[in-house]
Amino acid sequence: MPTDNRPLSPHLQIYRPQWTSGLSICHRLAGVVNTIGSLLVIYWLVSLASGPAAFERAQAILGSWPGLFVLFFFSLALFYHLCNGVRHLFWDAGKGFELDTAWRSGQAAVAGAVGLTVIVWIVALTTGGGG
Amino acid sequence: MNLRTPVKEARGLGSAKGGTHHWLMQRVSAIALLLLVLWFAFSIAINAGGGYEAARAWIASPITAGAVILLLAAAFYHAQLGLQVVLEDYVGNKAVQLAAVIAVKFLAVILALTGILAVLSIAFGG
Ligand code: HEM
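Chains as they are written, first to last, in the working numbering: chain L, 1 to 131; chain F, 1001 to 1126.
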């Protein structure tokens, strides 16, 4: 059975990391971070359902500096996964595989993620939210 | 000496004959999440800081309650499908892998239900 000259999946030990492969693993990482972050949403909703004391405690924890720090990175991961997810959906439709397109759509996903994160935090902090 | 033909060796090692549904549902839930996550991120940024009564009134309104329930269902469905692939890729031991995938699925259902019940109790609790 001929086994030479067949295309192989990238072998991670000898694969040269690139901009696009870095963004790819970040999508997976962000998916895991989103799952952990959604626990905070559940915590916030359960606190809100449990009464004023529980809600104030949740607001104090999430609104503390460590709380805001975690929320900031959660929002960044969420928006990155969202923007890069749009890239995935275009690939699934068979579009955007050219190297330079993939390179630039990756830049757009990062820019979109940073932009959305900054905007949502400006909105949160100027409307008195943020926690 | 191995007398089996190459075809015999290869049979059963190919496509799992399934997985399209998993793949498709990951995409369908992603499209739903695209809108729901954008809406939720900006809404909570606006509504989270107004205090207990305001936050309850926001969650309790039918449109918010409905959308948050859809968000929770779509997010945990999508997360559970996604984490399954991650576990299948990285956990070599088949028994551990199966146990982990089942645990993730159970946890996803429990967490989604917890969140949905919290929303409903706020919506119907007055
Ligand atoms: C905001 C809109 C979202 C979009 C557009 C989106 C899109 C996607 C897509 C297209 C995939 C498949 C990637 C692949 O085949 O490699 C995926 C994977 C995944 N997503 Fe999402 N997603 C979104 C939100 C979320 C949320 C809220 C969570 C968590 C609660 C999440 C968790 C995951 C996980 C764990 C994976 C698996 C990662 C992997 O296999 O590499 N996603 N997402």
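To be clear, the hints were calculated from the coordinates, so they are not data collected in a lab. There's no promise every hint is true.
What the simulated footprint calls covered on chain L by chain F, stretch by stretch (three residues with Cβ under 8 angstroms from a Cβ of chain F suffice, anywhere in the stretch; the number is not a length) [as the list claims (entries may be wrong)]:
1) 22–30
2) 45–59
3) 116–126
Simulated crosslink set (SDA-like; lysine to any residue; CA at most 25 angstroms straight-line) [claimed, not checked]:
4) 1105/F <-> 36/L
5) 95/L <-> 1031/F
6) 1094/F <-> 95/L
All of these numbers come straight from a predicted model, not from anything done at the bench. Even glycine gets a Cβ: it sits at the ideal position worked out from N, Cα and C.
How about the segment 22–30 of chain L: do at least three of its residues have a C-beta closer than 8 angstroms to a C-beta of chain F?
-> Answer violated; 1 residues pass the 8 angstroms Cβ test.
CA of residue 1094/F to CA of residue 95/L, is that 25 angstroms or under?
-> 35 angstroms, violated
Has the given pair, residue 1105/F with residue 36/L, been kept, meaning a C-alpha gap of at most 25 angstroms?
-> 14 angstroms, holds
Stated coverage of the segment 116–126 of chain L by chain F [criterion: 3+ residues, CB within 8 angstroms] = holds (count 5)
Do three or more residues from the segment 45–59 of chain L put their C-beta atoms closer than 8 angstroms to C-beta atoms of chain F?
-> holds (count 8)
Distance restraint between residue 95/L and residue 1031/F, which requires alpha-carbon spacing of 25 angstroms or less | 17 angstroms, holds
The structure shown violates the earlier hints numbered 1 and 6.
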